[in-house]
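Trainee: Chains as they are written, first to last, in numbering that gives the first Met the number 0: chain A, 0 to 320; chain B, 0 to 320; chain C, 0 to 320; chain D, 0 to 320; chain E, 0 to 320.
Pairs count within a copy or across copies, as identical chains cannot be separated in the list.
Computed cross-link-like contacts, DSBU-like style, restricted to lysine-lysine with a CA-CA straight-line distance of at most 35 Å:
1) K153 / K215
2) K221 / K160
3) K221 / K68
4) K153 / K221
5) K153 / K68
Just so you know, these hints were derived from the structure itself, not from any lab.
So the chains spell out like this:
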Amino acid sequence: MITIFRYAPDSGCAESHDGQSLVGLPEDGVSVWVDLQAPTLEEAEILSRVFGFHPLAIEDCWHEPQHPKVDDYGAYLFLVVHGVREEIESDAFDTHELNIFLGRNYLVTFHTYQSRSVDALIANLHRHPHLMARGMDFMLHQILDRVIDNYFPKLEIIEEKIDEIEGAVLTDARPELLTRIFDLRRTVAHLRRVAIQEREVLVQMSRGDFVMVSEKAQVYFKDIYDHLFRIVEVADNQRETLSVLVQVYVSMVSNQLNHTMRVLTVIATLMLPLTVITGIYGMNFEFMPELHWRFGYPLILVLMAVVGGGMLLYFRRRNWL
Amino acid sequence: MITIFRYAPDSGCAESHDGQSLVGLPEDGVSVWVDLQAPTLEEAEILSRVFGFHPLAIEDCWHEPQHPKVDDYGAYLFLVVHGVREEIESDAFDTHELNIFLGRNYLVTFHTYQSRSVDALIANLHRHPHLMARGMDFMLHQILDRVIDNYFPKLEIIEEKIDEIEGAVLTDARPELLTRIFDLRRTVAHLRRVAIQEREVLVQMSRGDFVMVSEKAQVYFKDIYDHLFRIVEVADNQRETLSVLVQVYVSMVSNQLNHTMRVLTVIATLMLPLTVITGIYGMNFEFMPELHWRFGYPLILVLMAVVGGGMLLYFRRRNWL
Amino acid sequence: MITIFRYAPDSGCAESHDGQSLVGLPEDGVSVWVDLQAPTLEEAEILSRVFGFHPLAIEDCWHEPQHPKVDDYGAYLFLVVHGVREEIESDAFDTHELNIFLGRNYLVTFHTYQSRSVDALIANLHRHPHLMARGMDFMLHQILDRVIDNYFPKLEIIEEKIDEIEGAVLTDARPELLTRIFDLRRTVAHLRRVAIQEREVLVQMSRGDFVMVSEKAQVYFKDIYDHLFRIVEVADNQRETLSVLVQVYVSMVSNQLNHTMRVLTVIATLMLPLTVITGIYGMNFEFMPELHWRFGYPLILVLMAVVGGGMLLYFRRRNWL
Amino acid sequence: MITIFRYAPDSGCAESHDGQSLVGLPEDGVSVWVDLQAPTLEEAEILSRVFGFHPLAIEDCWHEPQHPKVDDYGAYLFLVVHGVREEIESDAFDTHELNIFLGRNYLVTFHTYQSRSVDALIANLHRHPHLMARGMDFMLHQILDRVIDNYFPKLEIIEEKIDEIEGAVLTDARPELLTRIFDLRRTVAHLRRVAIQEREVLVQMSRGDFVMVSEKAQVYFKDIYDHLFRIVEVADNQRETLSVLVQVYVSMVSNQLNHTMRVLTVIATLMLPLTVITGIYGMNFEFMPELHWRFGYPLILVLMAVVGGGMLLYFRRRNWL
Amino acid sequence: MITIFRYAPDSGCAESHDGQSLVGLPEDGVSVWVDLQAPTLEEAEILSRVFGFHPLAIEDCWHEPQHPKVDDYGAYLFLVVHGVREEIESDAFDTHELNIFLGRNYLVTFHTYQSRSVDALIANLHRHPHLMARGMDFMLHQILDRVIDNYFPKLEIIEEKIDEIEGAVLTDARPELLTRIFDLRRTVAHLRRVAIQEREVLVQMSRGDFVMVSEKAQVYFKDIYDHLFRIVEVADNQRETLSVLVQVYVSMVSNQLNHTMRVLTVIATLMLPLTVITGIYGMNFEFMPELHWRFGYPLILVLMAVVGGGMLLYFRRRNWL
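Please work from the sequences and hints to get the whole structure.
Mentor: Here it is, written out as structure tokens:
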């Protein structure tokens, strides 16, 4: 689907869905935003026919996965950023790619999946058509700001899951937990890697490396950079916590082993001496005076109870039970 | 609450709590310090109305958490630093944010929670009103110096707790200790991260990157930098010690397991041969001469004592008991 | 074997296999590609006789292994890149070396093993002889692009093997798996190291460090750089996953030990008390009233069943069985 | 205590202990070295009164701990270095601080504890008064050279202790060793950190960053830098060795556990079958022909010896004993 | 021993062993190589008397150990490199130091131990006296090239030993292997550290930092750099492999423990129930009908065989035997 917003100071903002209406780069004073969502090959033809973008950049639009980056092609910038998918039940950090071309007076967005950030900007434009007058770099900021802000709910979900696992590890260390920890670790590593690369992109945007980004807009990109800085920091924290959880898990398993061993030792230590005692009086010697005592049997039972009870007490003292 | 100090060489230092009294940037030769503590929206309006600060910087004041940073907005600097909260019983490194604007002849501080550093500076101003004559950069130094110095008591508390855990791990390695170690590690990591970011801020302040910071003041910021350098170093040390403690814990648990196993082995090794001996003389063979010996029974008891005692001796020699 | 392509705008592209036909550097307007596949010493003599390459570069062609690099010799570049061998059954990342000289209007490729990338370019030249008109840097891009793209199938095979091992570790952690994990880790480390070095080469090619690489071609080398960036990222991921698998393996072994210990404990705990009971009634005391009861024997059997069953129930409750 | 050396080419070197004799910076052609050892406040007043050093630098002299550093105050350098304390029995790397001011023609040293390096230089001056003619930078080199050379004996003591522990770990891995390893590791980490910071100082001294350091003297500071480079390297080595020792310790404990388990298994495996055999012939069945054999009892004893001996042999073959 | 080669275009190359024959720096057009092998103090005096080298550099010649480095003294370079000792049986990487002074038209080598690289160059000079005409930088290259090439056999020996240990760890993990692994790791770490420092030296030599190194010679030093690059890479690999071997060792020990535990469990699980059965029929109850059955005894033996055999089968199914 193709959506075109054309803004001229005198005629205002006009929306259209006909790619053929565009025949060349917008004239001076006019600004154009073209959004291509899961475009047909025919619709996407606009990239080369109207804007004359470099074949490699167009190829990058079609071929996923690309890592987040910004390429300077002289007359325009080509950006790739990763938006987080809305469905948030899964443990994974699923992203879709948003390819953006930023020219002096045009902006082209290309994405295979529906983008909440682009949709929000379209809705915003419907309400405030004069938004486009603030410049294409500002429009880009609007999109990027939302893309990055959508990372935070994901971070919170991960945080909750980590808390949940933390409680579970300390009460019952089962192998399933380990698998869940490693899954989360992979998610965090993915998110962190994407955020670091996008932070790198935002550094360049806010540093004045590119002529398409006005000095006024740089401050705004610096603001997104700060958000990404924080995202990376939180992800670093989570990664550290997950590493610690693995150590706690291993330690808990080791503690359980220790506990099992103690129970075994206690049982064996209580029962084996009693077995020896019963063994002694089970021997068939002819001359064993105790066997003929009137209270030999109850005496031995008492002895066994005393031995067993004494050892039990001893173990309790040593905190083995 | 809003507090305004206005200093002019001739009229001295005047304190006021009325935000409306300020109508524009202070004229040359006059210097102003505005402190906003948990301000109402109305009071905070001064930021844009009088000083014309950038909307993004004002937004950063309201939105926590921000990482420590310094942004150069041309006519003024915007700093975020983290003060440590006073309550020191908890294991966590709880911070509140202090947002500071430094202009050529004005200083604006914005904080939601009460700040000991700001309070101390106010008290100081009451005693020495001419303090403001030394320049706004020097006033800023006064605040930052106290903010950073307040980190040291926290470091000492952490140090004590580490020492406490260290003793406990070597005597009795219980799982609760592991949880406490990991909690402390998180605290240290947090403190270290904040200190590193603030060290970065202070490097810029002491390097002459900004025109608001006079050359004379740079030496003072270098001094705070040295304190932060030391804080990071101590935190690095503590982090290392905590990692080592985890290793010691794991090793102690393993030693306990080893000890339990030895006890089990000793018991089994002492008792099982005795069981076999009693078993032999419990057999019902018709022709077993020993059974009819006059002293067969006591002889066997002596044999069992010798076997058991001999093994005990052997184990003592091998240090198994 | 030597293959020479000579292109002149008027006469088109001519193929020859006679090294003696070349007597000097190609004149202006003419471009030449010489491919040396497992050349004889005589054929390779062309490197010094015709092109006058530096003895050290020629020596590097003959002596494997060389790490991927680009050396600037002024009039020409000398590149070493590693192509992946086609046979893909093995776990190893077997590479062959491709040595390339890039001059202003000539390209020389030297390789001991057959190269799929070179063969593909030859086939391409047969179909589109005018390809050579686009410049030697473009020809080089064609080769490098295919060399690097051939890494991806290898990455996918590694990915599959990792998935396979992941499943196996969780169901049955046997020592053979550990050996396989370490073999894969070595493969990934090798691939990653090669890719990082080649990425370094491509950075230089796309940055305009060399006069032989036109500005137009730089964008294409940047594209290969992006592929290598992604390869390194995937390899980083795989390395991380393999480290995690080692941890999972160790943890699974520890779990198995735990499980074995529990079984042992359960058996010992069930049987040892029963042994003590039978031992008691195997004693030969004269006065043991139970022995003369009519239902003493079945009563004791019932007692033993109750004791054993009770303990079984208890163990089930504690999840030990 | 205050010691003043005043050198003038014509009058030579004069020693005094009266701080009041100095009234201002030494005139041209005269050079002065002031050493303050554990000075009274009155003696230390010379720092501000005569030399006019910056209050922050003077504060640093009084407040320990400071990290090694060099601060450029324009007219003079302020250095902090750490000397190693002489007592060498303890495991710790105890240092005292040496604060040094280096001006064009004066040198001020300030230290709370007695410094062997300073004492040695004083002794040297008594013998060769013209040493001061070589310049203040050369005097500083004399002190720093000795400070750093005093690190080597400490390194050797650590080396010896590591060797000692290495031997002990392999013969008997007791928990005390672990504590000693971690103590040494802390010592090495401390020494390494100090050496790295001082290396940083020496880099600046030998690079010509400061005008007080003549080009001729830079080579000498480079020489001290080389020593520090070596110290850091040795410390790195020791740190690595200590990490390895922890691994060896853990592995030895695990081996001991293994060995204990084998002994237990062997005992249980030898004794339990014998118990079953004796149990069989302890049964009270009416019809058990073996019981009535003439040689039943010795036959069974032989059988038990064969079973036990056979298993023993088997275990020896498997290297379990 | 002192060896002097003096080369003049007209008179050719003259060898001498008399240090007194040299009275000053060689005149223009003449070049001199002085080799000092384990020189007497008198012979070494040539360093200061004839060449006037800096006292610190001369001191470095005498004092080992020095780390590999290159110092620029203006008129000459001072290099320290480490040659590997010939005896190759030991596990250690034993090096001797080679100190080299490179001037515009002179080269001085100083070494305590015999150097194979220097000997080879002397032999070469005997055969090709005109080698010296190519310049002192080229002579230096000849020496360094051989010094570095001598590292490769050492690397191969380490590789073989690693392979050997790898096989041994997987078949029988004994503590001696761990000691050998750690010894090898130390060797590899030493070699790697030396190679990295020498690589740093070669980077400077090949980058044109020094006027004594002609542009033509830089390519040759770049070639040695490539060799060192490869050496470091191989050493990195070996280090990684050795770390993995430690993990494999620990894992194999853990597997052995697991195996031992299983055997113990199987024995206990087989024997304890049989003990209970024999215990039951060893009880002395008056009324136990089974005891009076004609085939009670064989029936019980069969029951015991069935119970034992059934459990054996079950264990085989679970792969416990």
